[in-house]
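Colleague: Here is what each chain is made of, one letter per residue.
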Amino acid sequence: MKKIKLPRTIGVRLTLWFACIFITFQIVFFTATYYFLYTILKNRDFNDILTETSEISAELKSEGIEGFHRFVNNHLSSRLKEILFIRLASENNKTLFKFFPESADWFDFSLTHTDIPESGKWLEFRNEKKKEEVNIYSKHIEEGLILQVGMSSLRRDSILNQFKKMFVLGISPLIFISLASAAFFSVKFLKPVRDIITTVKSIELGKMDSRVPRTWNNDELDELAGLFNQMLEKIENLINAMKESLDNTAHDLRTPLTRLRNIAEAALNEFPDEELSRDAHESAIEESERILKILETIMDIAEAENGIMTLNYQLTDLHDVVYPVYDLYSYVAETKGISIQMEVEKGIMLYADSGKISQAVANIIDNAVKFTPDLGQVYISAFKEKNSIIISIEDTGPGIDEKDGEKIFERLYRAKSSSKQKGLGLGLSLVKAIVKAHKGTVTLEKSSSGGAVFKIILTA
Amino acid sequence: MRLLIVEDDEKIASFLKKGLKESGFAVDVVNDGESGLIICENAAFDAAVIDIMLPGIDGLELIEKLRAKKINIPVLILSAKRSVNDRIKGLQGGGDDYLVKPFVFSELLVRLQALIRRSSGMTDASELRVDDLVMNVFKREVYRGDKKIELQPKEFSLLEYFMRNPGHSLSKTLILEKIWDYNFDPQTNVVDVLVCRLRNKIDKDFNRKIIKTVRGVGYILEKD
Numbered sequence: 001m002k003k004i005k006l007p008r009t010i011g012v013r014l015t016l017w018f019a020c021i022f023i024t025f026q027i028v029f030f031t032a033t034y035y036f037l038y039t040i041l042k043n044r045d046f047n048d049i050l051t052e053t054s055e056i057s058a059e060l061k062s063e064g065i066e067g068f069h070r071f072v073n074n075h076l077s078s079r080l081k082e083i084l085f086i087r088l089a090s091e092n093n094k095t096l097f098k099f100f101p102e103s104a105d106w107f108d109f110s111l112t113h114t115d116i117p118e119s120g121k122w123l124e125f126r127n128e129k130k131k132e133e134v135n136i137y138s139k140h141i142e143e144g145l146i147l148q149v150g151m152s153s154l155r156r157d158s159i160l161n162q163f164k165k166m167f168v169l170g171i172s173p174l175i176f177i178s179l180a181s182a183a184f185f186s187v188k189f190l191k192p193v194r195d196i197i198t199t200v201k202s203i204e205l206g207k208m209d210s211r212v213p214r215t216w217n218n219d220e221l222d223e224l225a226g227l228f229n230q231m232l233e234k235i236e237n238l239i240n241a242m243k244e245s246l247d248n249t250a251h252d253l254r255t256p257l258t259r260l261r262n263i264a265e266a267a268l269n270e271f272p273d274e275e276l277s278r279d280a281h282e283s284a285i286e287e288s289e290r291i292l293k294i295l296e297t298i299m300d301i302a303e304a305e306n307g308i309m310t311l312n313y314q315l316t317d318l319h320d321v322v323y324p325v326y327d328l329y330s331y332v333a334e335t336k337g338i339s340i341q342m343e344v345e346k347g348i349m350l351y352a353d354s355g356k357i358s359q360a361v362a363n364i365i366d367n368a369v370k371f372t373p374d375l376g377q378v379y380i381s382a383f384k385e386k387n388s389i390i391i392s393i394e395d396t397g398p399g400i401d402e403k404d405g406e407k408i409f410e411r412l413y414r415a416k417s418s419s420k421q422k423g424l425g426l427g428l429s430l431v432k433a434i435v436k437a438h439k440g441t442v443t444l445e446k447s448s449s450g451g452a453v454f455k456i457i458l459t460a
Numbered sequence: 001m002r003l004l005i006v007e008d009d010e011k012i013a014s015f016l017k018k019g020l021k022e023s024g025f026a027v028d029v030v031n032d033g034e035s036g037l038i039i040c041e042n043a044a045f046d047a048a049v050i051d052i053m054l055p056g057i058d059g060l061e062l063i064e065k066l067r068a069k070k071i072n073i074p075v076l077i078l079s080a081k082r083s084v085n086d087r088i089k090g091l092q093g094g095g096d097d098y099l100v101k102p103f104v105f106s107e108l109l110v111r112l113q114a115l116i117r118r119s120s121g122m123t124d125a126s127e128l129r130v131d132d133l134v135m136n137v138f139k140r141e142v143y144r145g146d147k148k149i150e151l152q153p154k155e156f157s158l159l160e161y162f163m164r165n166p167g168h169s170l171s172k173t174l175i176l177e178k179i180w181d182y183n184f185d186p187q188t189n190v191v192d193v194l195v196c197r198l199r200n201k202i203d204k205d206f207n208r209k210i211i212k213t214v215r216g217v218g219y220i221l222e223k224d
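Residue numbers (the numbering used here), protein chains in the order written: chain A, 1 to 460; chain B, 1 to 224.
It is possible that part of the hints are untrue.
What the hints assert, rightly or not - Partial list, derived from the structure: chain B residues whose beta carbon lies under 8 angstroms from chain A: (1) Arg-82; (2) Pro-102; (3) Lys-154; (4) Trp-180; (5) Val-193; (6) Leu-194; (7) Gly-216; (8) Val-217.
Keep in mind that the hints were calculated from the coordinates and are not lab data.
Don't be surprised by glycine CBs; every beta carbon is placed ideally from N, CA and C.
My request is simple: use the sequences and hints to build the entire structure.
Modeller: Rendered as structure tokens:
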């Protein structure tokens with residue numbers, strides 16, 4: 001016969017454990033009840049023996065031997081005759097009368113009086129085959145007579161057997177019920193766990209967007225499912241972002257690498273013209289410099305976007321964050337004839353990675369200075385408003401078209417109007433990534449003069 | 001001046017060795033941390049260039065071991081890791097300066113010389129002279145020939161930096177770091193603008209232009 005092997009899942013184990021405990025408890029309960037019942041019934045039998053003994057001895061006292069005979073023959077009910085044992089003996093232990101049920105043919109009465117039975121003593125005889133027990137009580141009564149009254153256990157055994165039968169009949173549905181209920185509960189409570197397993201399996205098969213269904217009943221397993229989904233969400237975003245940045249990086253580097261290669265090839269062709277190959281070498285170095293710069297900016301953006309940028313949070317005066325950038329660009333602006341103004345009060349404290357924030361501010365100012373025509377203005381201000389710190393950079397340039405609105409924060413996006421300017425198209429996406437890493441926002445508006453207003457909004 | 005290079009990439013090591021020899025240094029090269037430690041215990045160097053990613057004990061460990069043995073030569077760390085945290089880790093571990101690969105050779109040279117100058121306790125001269133260009137750092141005066149030149153503070157700092165490193169090309173990164181204390185690269189070349197302004201003041205009216213552009217590298221103040 002093939003042995004059925006149950007899977008060792010938590011569900012099966014829980015069911016079996018639950019059923020085991022349930023059944024053990026039933027058995028313990030039954031056994032206790034059985035012994036309680038047994039003790040009560042045995043006590044009742046003993047009491048009956050004592051009652052019979054005192055009745056018979058009273059009869060003997062008042063009516064003598066005849067009265068005794070009459071009592072045994074007429075007064076004993078037929079039920080009692082089936083279980084009652086009576087022996088009357090003389091002073092020297094000689095049997096004068098004996099009576100025992102017909103069914104008790106196994107019983108050897110002589111055993112009860114091998115010696116003169118002591119008065120008030122209980123004797124017990126068992127027949128293993130018939131599983132019958134006889135309890136005999138001996139009593140010395142007046143006129144030197146010895147009375148022995150006993151009772152078979154048949155009466156109480158039939159009740160106890162009934163009880164046992166009931167248990168055996170009852171236990172099988174009980175086992176079934178306990179197994180079924182245990183199975184029901186483990187299936188019910190383990191459902192979220194199985195859902196998680198199903199989800200993980202489908203993710204392994206490449207379905208990145210599968211999620212664990214929620215029960216929304218606020219228990220621990222539902223919370224686990226929720227946390228698990230959050231984690232999946234994060235992982236999915238991270239993987240997508242990494243895929244995307246890898247694609248972008250490959251794409252961004254392809255063009256300058258092609259140029260680099262072309263330059264080197266041209267240098268080979270033009271060898272040994274010293275001036276041309278020197279020029280090519282210089283171009284090659286310039287190009288590799290540009291590749292490096294793209295790589296660094298892309299890595300900065302990717303780090304900030306994917307949330308793996310380590311932000312070195314410090315409490316810094318907002319003035320000290322913005323001023324160096326202003327100082328840095330004031331020369332550039334002056335050369336272009338652009339007036340650049342800064343209005344930031346001292347004493348506003350900002351909790352952020354000040355290096356990164358000033359990098360973001362620098363990129364916006366860079367943009368503003370680049371696109372503001374000569375003799376224009378760039379106005380930098382920073383202030384605290386309610387729970388926000390706002391750094392605003394306004395210029396008198398041509399502004400940014402509505403249709404370019406959000407796109408300018410995308411990587412490599414360069415508005416048509418900007419094609420004359422040098423640039424990688426990465427500056428503003430770095431701004432957005434840095435601000436986002438600080439859990440802030442960056443907005444773009446049109447100023448009253450039609451120029452662009454960039455605002456970095458951070459929580460104070 | 002004797003230098004030690006600990007670098008496992010042979011091409012980079014030989015490139016460094018060649019360049020530094022041409023700049024007048026005696027150079028020893030080892031390829032791993034253990035050899036670096038042994039050679040440092042047995043010979044005196046004026047400075048060391050140590051790569052971080054090394055087989056066996058890495059660069060940071062090597063520096064820690066050197067410092068533990070009270071070998072206090074100035075160390076320039078070379079690393080492929082460019083994040084601020086890596087930089088901080090390198091400098092806290094006992095390095096004196098930090099340069100990210102790929103690097104511009106002239107920048108490495110300038111940094112190395114600055115390290116050696118600092119460790120040998122040389123005081124910066126207060127009067128600098130390159131050909132007909134004279135700068136008095138205390139009085140903050142600059143003369144080219146007989147002509148006094150007025151400079152704004154940043155222009156003055158830039159010229160001082162050039163004059164302290166004549167004949168060495170200075171990369172834009174170096175200038176940004178030195179003049180503005182910036183360690184990220186702004187998109188527009190702020191440095192170009194400042195150099196351009198400086199040129200207008202010290203080169204425009206003279207036949208010999210002393211600030212030259214080195215394409216793809218930076219700028220150089222050329223001695224005659």
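Colleague: Now tell me, hint by hint, if it's right for this structure.
Modeller: Against the structure, the hints:
no.: 1; hint: Arg-82; in the structure: holds, 7 angstroms
no.: 2; hint: Pro-102; in the structure: holds, 6 angstroms
no.: 3; hint: Lys-154; in the structure: holds, 7 angstroms
no.: 4; hint: Trp-180; in the structure: holds, 5 angstroms
no.: 5; hint: Val-193; in the structure: holds, 5 angstroms
no.: 6; hint: Leu-194; in the structure: holds, 5 angstroms
no.: 7; hint: Gly-216; in the structure: holds, 3 angstroms
no.: 8; hint: Val-217; in the structure: holds, 7 angstroms
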